Every structure is written in C-alpha cells, then in structure tokens.
Amino acid sequence: MLNLSLIWELTKRDFTEQFAGSALGMTWAVICPVINLVIYTIIFGQVMGARLPGNSGVYAYGVYVTVGLVPWIAFQNSLSRSTSVFLDKKAIISKVRTSLPALLIYISLSESITFIITMSLFLLFLILTGYPFRINLLLVPFIYFLQQLFAFGVGLLAATLNVFIRDFKQLIGIVLQLWFWFTPIVYVRDILPDAIKSLIRFNPAYVIIESYQRIFVFNLEPAYRTLIIMTVVTHLILFGSYAVFRALEKDVRDFL
Amino acid sequence: MKAGIGILLWACLFLGLTYAMWKSIEGYARVYLLIAFSALFLIGVFVLFPYLKGQ
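Protein sequence lines, in the order shown, are assigned to chains C and L.
Just so we're aligned, residue 1 is where the first sequence starts under this note's numbering, counting upward by one.
Just so we're aligned, residue 257 is where the second sequence starts under this note's numbering, counting upward by one.
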C-alpha cells in the first residue's frame with residue numbers, strides 16, 4: 001500500500017534530476033541557496049540598505065525575508081507540484097500498484113531536502129554574525145512539519161480534482177501568486193490597512209510565516225494558541241481531502 | 257533544556273506509537289488514525305513546549 005522504496009527512489013531522482021548533466025552536479029544544491037541567502041541578507045541589508053522598522057540591525061531585514069521566503073518556497077513548490085502529480089506520474093501509476101497519496105510524499109520530501117540545505121546554510125550565517133540562539137528554535141522543525149502537512153492536505157484535494165478539471169493547475173498557480181502578496185513575507189504587517197490587518201489573521205500561511213518571524217527575528221514565543229488552531233484546521237483539511245480522494249480514487253485511476 | 261528533552265521524548269513516544277499502530281491495523285483506517293496521531297502529536301508539542309519552558 002505504501003511503497004517506501006518507491007517514494008525514496010522518486011525523491012532521490014527528483015532531487016538529483018535538477019542538476020543532472022551539469023558540470024558541477026550536486027554542488028549546485030549548495031551554490032543556489034548560498035546565492036539566494038547572499039541576495040536576501042547582504043544585498044538587501046548592506047547594499048540596498050533595507051531596514052526593518054524598529055530594528056536598526058544591518059541583517060535584520062535580510063533575516064526577516066529569509067525566514068519568510070525559504071519556508072514559503074517549500075510550501076509553494078510542494079502545493080503547485082502536488083496539484084499535477086497524478087498526471088505527471090501517469091506512467092508510474094499505470095505500471096506500479098502504489099498508493100496515490102504516497103506520490104505527494106516524495107514531492108514534500110524533495111522540497112524538504114532543499115529547505116534543510118538552505119536553513120543549514122542560513123544557521124551557519126547566523127552563527128558567523130553572532131546571532132543569539134534561543135531554545136524556541138527547537139520548534140522550527142515542528143512548524144515546518146505543520147506547514148508541509150497543510151500543503152499535503154490542500155495538494156491532495158487539488159491533485160484529485162485536477163484529474164477531472166485540468167484548469168486546477170493554472171488556478172492554483174494564480175492563487176499562490178495572490179497568496180504570496182497577501183502574506184507579510186517581503187513587507188511588514190504594520191504597513192497594511194487596518195481592514196486587511198484584521199483579515200490576515202485568517203491566512204494560514206501568515207500563521208506559519210509569522211511563527212518563523214517571531215522565533216528568528218523578534219526573539220518572541222510563537223503564538224501557541226494560533227498554532228494549535230492551525231493544527232486542528234490542517235488535520236481537518238487532511239481528513240476531508242483524504243475522504244474526497246477515497247470517494248473518487250477509482251474514477252481517478254480510470255481517468256488516468 | 258528541560259523543554260528540549262521533553263519534546264524529544266514526546267517525539268520518540270509518538271514515533272513508537274505510530275509504528276505500532278501502522279503495523280497492527282490494516283486497510284485505510286490506519287490513514288485516518290495516522291492523521292489523528294499527527295494532530296495529537298503537534299498539539300502536544302505546542303502545549304508541552306511552553307509548559308516545560310515555564311517549569
């Protein structure tokens with residue numbers, strides 16, 4: 001039912017395929033995140049002089065952008081790629097009897113490898129710049145797990161519906177673009193009008209991104225109550241998505 | 257420190273419980289149980305962590 005070796009093989013292939021044929025090979029897996037981190041921290045902070053309101057630190061805005069963008073990219077890629085996974089892996093599905101939701105796991109794992117590499121390099125940067133580490137950092141893997149579960153739940157529903165309505169892939173792309181700008185990742189929440197500020201609390205991506213920002217940038221506790229509500233909502237979505245998938249599974253396989 | 261060890265023990269407990277559940281239950285019911293376990297695990301983390309930190 002859950003073919004772990006197939007998932008691992010797909011994860012490895014998916015990750016290494018990005019660099020296949022290039023002279024530097026897997027070194028790109030480190031070079032790309034380093035370039036991104038240099039842009040976020042050194043170019044934004046030192047060259048462009050971007051500052052976080054209420055914080056005069058040179059790297060504060062860079063850290064703010066990094067802890068928002070890196071998880072967002074993992075979330076966005078997981079969700080957008082999950083939407084078309086059943087159609088993309090049609091050949092495998094028709095040859096190997098495997099659990100269809102398991103195919104979404106390899107996407108999440110592959111994105112998690114990139115996330116871990118980038119965050120490890122980011123932590124190295126923080127060590128080098130004398131960042132004061134707090135115990136709250138231990139919560140980061142759990143917040144990331146919650147984020148990826150949310151992407152999995154929405155992704156499973158989108159992947160199931162995308163088999164019947166192919167427009168779903170385009171729709172998810174547009175929703176993700178709007179969602180990105182509706183989430184304070186590159187700007188701070190305070191610049192938003194009051195009406196939007198009160199609405200933004202209901203944005204699940206904001207709950208997650210704000211938790212990272214509170215831990216890394218503001219040295220505050222994450223909002224535990226909101227995270228618990230988000231956990232309940234995420235699991236209800238997971239439950240619902242899986243129920244919809246189970247109801248349509250036979251049709252999905254027939255369609256493919 | 258206490259919070260870190262507490263969360264680690266909580267994670268080990270849930271990993272063990274999930275593995276035992278996965279092995280003992282057959283069919284699709286175990287997926288729903290896995291979702292329920294995952295919810296309990298994360299709620300536990302977000303309740304235990306601040307509690308243990310405050311100790």
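Bear in mind the hints are in silico, worked out from the structure with no lab data behind them.
Note that the structure is a prediction, hence the values are computed from the model and not measured.
No residue lacks a Cβ here, since even glycine has one placed at the ideal position from N, Cα and C.
It is possible that part of the hints are untrue.
[As the list claims (entries may be wrong)] If you only want the chain C side, here are some residues facing chain L, beta carbon under 7 angstroms, derived:
1. Tyr131
2. Phe133
3. Ile135
4. Thr231
5. His235
6. Leu238
Do the hints match the structure? See the list:
| no. | hint | result |
| --- | --- | --- |
| 1 | Tyr131 | violated, 18 angstroms |
| 2 | Phe133 | violated, 12 angstroms |
| 3 | Ile135 | holds, 6 angstroms |
| 4 | Thr231 | holds, 4 angstroms |
| 5 | His235 | holds, 4 angstroms |
| 6 | Leu238 | holds, 5 angstroms |
When held up to the earlier numbered hints, the structure conflicts with 1, 2 and fits the remainder.
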